[in-house]
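Just so you know, the protein sequences line up as chains X and E, in that order. Per the working numbering, the first sequence runs over residues 551 to 837. Per the working numbering, the second sequence runs over residues 28 to 285.
Don't read these hints as lab results, they were simulated from the structure. Cβ coordinates follow ideal geometry from the N, Cα and C atoms, glycine included. Hints may contain errors.
[Stated by the list, open to error] A partial selection of chain X residues facing chain E, derived with a Cβ cut-off under 8 Å: (1) D612; (2) P632; (3) V722; (4) F772; (5) L774.
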Amino acid sequence: MVESILQTLSYAPIQRALAACILCGASCALLSVFVVLMKMPLIGVSMSHAAFAGAVLGMLLDINPFVSGFILCLLTAAVLGPLSDRADMAPENLLGILFSFLMGVAFLGMGILTQTKAGALNLMWGSLLTLSNNDLYVLALVTLVLTVFIVLFFKEIRVVLFSRRLAASSGVPERVIYYILLFMTGAVVSSNLATVGGLLIFALLVQPGAVALQLTYNLKSFFLISAATGILACFLGLVASYVFDIPSGASVVLAATVLFALAFVFSPKRRVVRPIERKIQDENDRR
Amino acid sequence: MTDHYLTLKQVSVRRHQSLLLSGIDLRVSKNEFVGVIGPNGAGKTTLLNVIAGFEKFSGALSLFGEAQTWRRPRQTRLRVGYVPQLLQIDPGFPILARQAVMTGAVGRLGLFRKPGKQEYENTLRLMDMMRVAHLADRPLGQLSGGERQKVSLARAIVQKPDLLLLDEPTANLDIAVQKEVLKLIDEISEREALTILFVTHDFNMLPERMRRAVMLKGGLKVFDGKISAALTGNELSRVFEYPLETFERNGKRFICYG
Ligand SMILES: Nc1ncnc2c1ncn2[C@@H]1O[C@H](COP(=O)(O)OP(=O)(O)O)[C@@H](O)[C@H]1O
Ligand SMILES: [Mg+2]
Numbered sequence: 551m552v553e554s555i556l557q558t559l560s561y562a563p564i565q566r567a568l569a570a571c572i573l574c575g576a577s578c579a580l581l582s583v584f585v586v587l588m589k590m591p592l593i594g595v596s597m598s599h600a601a602f603a604g605a606v607l608g609m610l611l612d613i614n615p616f617v618s619g620f621i622l623c624l625l626t627a628a629v630l631g632p633l634s635d636r637a638d639m640a641p642e643n644l645l646g647i648l649f650s651f652l653m654g655v656a657f658l659g660m661g662i663l664t665q666t667k668a669g670a671l672n673l674m675w676g677s678l679l680t681l682s683n684n685d686l687y688v689l690a691l692v693t694l695v696l697t698v699f700i701v702l703f704f705k706e707i708r709v710v711l712f713s714r715r716l717a718a719s720s721g722v723p724e725r726v727i728y729y730i731l732l733f734m735t736g737a738v739v740s741s742n743l744a745t746v747g748g749l750l751i752f753a754l755l756v757q758p759g760a761v762a763l764q765l766t767y768n769l770k771s772f773f774l775i776s777a778a779t780g781i782l783a784c785f786l787g788l789v790a791s792y793v794f795d796i797p798s799g800a801s802v803v804l805a806a807t808v809l810f811a812l813a814f815v816f817s818p819k820r821r822v823v824r825p826i827e828r829k830i831q832d833e834n835d836r837r
Numbered sequence: 028m029t030d031h032y033l034t035l036k037q038v039s040v041r042r043h044q045s046l047l048l049s050g051i052d053l054r055v056s057k058n059e060f061v062g063v064i065g066p067n068g069a070g071k072t073t074l075l076n077v078i079a080g081f082e083k084f085s086g087a088l089s090l091f092g093e094a095q096t097w098r099r100p101r102q103t104r105l106r107v108g109y110v111p112q113l114l115q116i117d118p119g120f121p122i123l124a125r126q127a128v129m130t131g132a133v134g135r136l137g138l139f140r141k142p143g144k145q146e147y148e149n150t151l152r153l154m155d156m157m158r159v160a161h162l163a164d165r166p167l168g169q170l171s172g173g174e175r176q177k178v179s180l181a182r183a184i185v186q187k188p189d190l191l192l193l194d195e196p197t198a199n200l201d202i203a204v205q206k207e208v209l210k211l212i213d214e215i216s217e218r219e220a221l222t223i224l225f226v227t228h229d230f231n232m233l234p235e236r237m238r239r240a241v242m243l244k245g246g247l248k249v250f251d252g253k254i255s256a257a258l259t260g261n262e263l264s265r266v267f268e269y270p271l272e273t274f275e276r277n278g279k280r281f282i283c284y285g
């Protein structure tokens, strides 16, 4: 049994698939902590659509889809960043317009492309099994940079997640952190076009963070639980896609949803502490 | 050496064709405790936001003797503490009360430096002073409004500001807790030798050390002077556009409305 597992693990394609799971799951899930705690799912959607549209355009124009996707992400971030800084305007409507526009661009490109390149469809749902070496290297680099960013600026990140305004008021360079974050969002979504694709990535940008939100009050554990959830969802999804012969993107998203449902049901945070218990707890705390 | 900690000259804020603040002149000296009083929508929050550097404005503003725009260097921001009207947070948000207090020290520490013994001691000392030390390990989102407000005050003081901006710190609290928070504010203002701007629309709930009142109405400064001169039926009725009377009892003045 152990031997057969070890033998399976020694196959290069399996190793690559595992690496893809870890990198895709970790990068999306670490980002999802920000998406969930800063309540910016719409920014996540817009960015992933931007990456998608950019990649399609890249294929049309014969540019590396990762590069063109990333560039369009950065352009989108340049619009989104200042927008979210303005207090006098709810950005939701504009975000809605922006992401439907990007979707339109993407599908227009797809329409022109499908006659020439079948590979374009892959940008929509990706594949954890057919990553090129380059895809893996880029993904590894992006995941590494994101991890280093989180570790180095952990205490600043905590303040910015807590409140951007309070961060600004106490001399934390919150705008720098926020813009790095938008930049990293672009890098993560465009490098994951190859793994889960532009349509489904959104699930991985929300679900792992939502799982962690059910389970912990500790920010460090929050990042770890989220990352573990992302990796597990990718892994389970991949196995399911292999066993049942279904598209891996879809099974990854479904696996993530199942994990969320489990976390929701078993959440210790949702267990209500009754007032009397609370009081006893308080008195114990005081001692 | 300058005596004026804070100077505003003809400061205006315009948004969508409307003037939220128009031509505000204000000078505040070191260790003053100034109340900013006015009805809802008078521009009190906007004024604090201008001083805190959250809002673009026209006119001139100087802090600690140096001219400032809304973008300012970290060194200046460190010296201005800010307590928002409401510390909004989701019940499940992953931060404990003591960590929330500690966030006030992060800017002062600077990048790549971890909080040390001094920061931890300061955090606990201030939580103790604010009577929330027993809540230190509770998730912030689970605290009551009053407890959260005290945490918020401790957070602002951990930053070691010279100027403290308080935006209706006692709104949304019930009366006993309001009194308690006011007392705590009086206490810190004395102990930490702070210059304070205290925004409120509740003239019956003022800290004792507040000696001066600035009254705003429709974005204009309509009164600036001693608090005792501000708290008269005539003055208040004019600003709040509602008939108000005052009466004295045990040497304290109360304002009542019909
Ligand atoms: N985002 C906004 N856009 C336009 N007007 C605003 C906005 N926020 C506040 N105002 C207006 O600015 C005025 C002053 O607001 P504010 O400073 O919050 O008043 P206060 O704190 O004294 O209640 C109010 O009349 C309010 O309607
Ligand atoms: Mg206000």
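Checked hints:
1. D612: It is violated, given that the least Cβ distance between D612 (chain X) and chain E is near 42 Å, above 8 Å.
2. P632: This interface hint is violated because 13 Å lies over the 8 Å limit.
3. V722: 5 Å, holds
4. F772: Result: holds, 5 Å to nearest chain E Cβ.
5. L774: With a closest approach of 12 Å, the L774 (chain X) hint is violated.
The structure is inconsistent with the numbered hints 1, 2, 5, although it conforms to all the rest.
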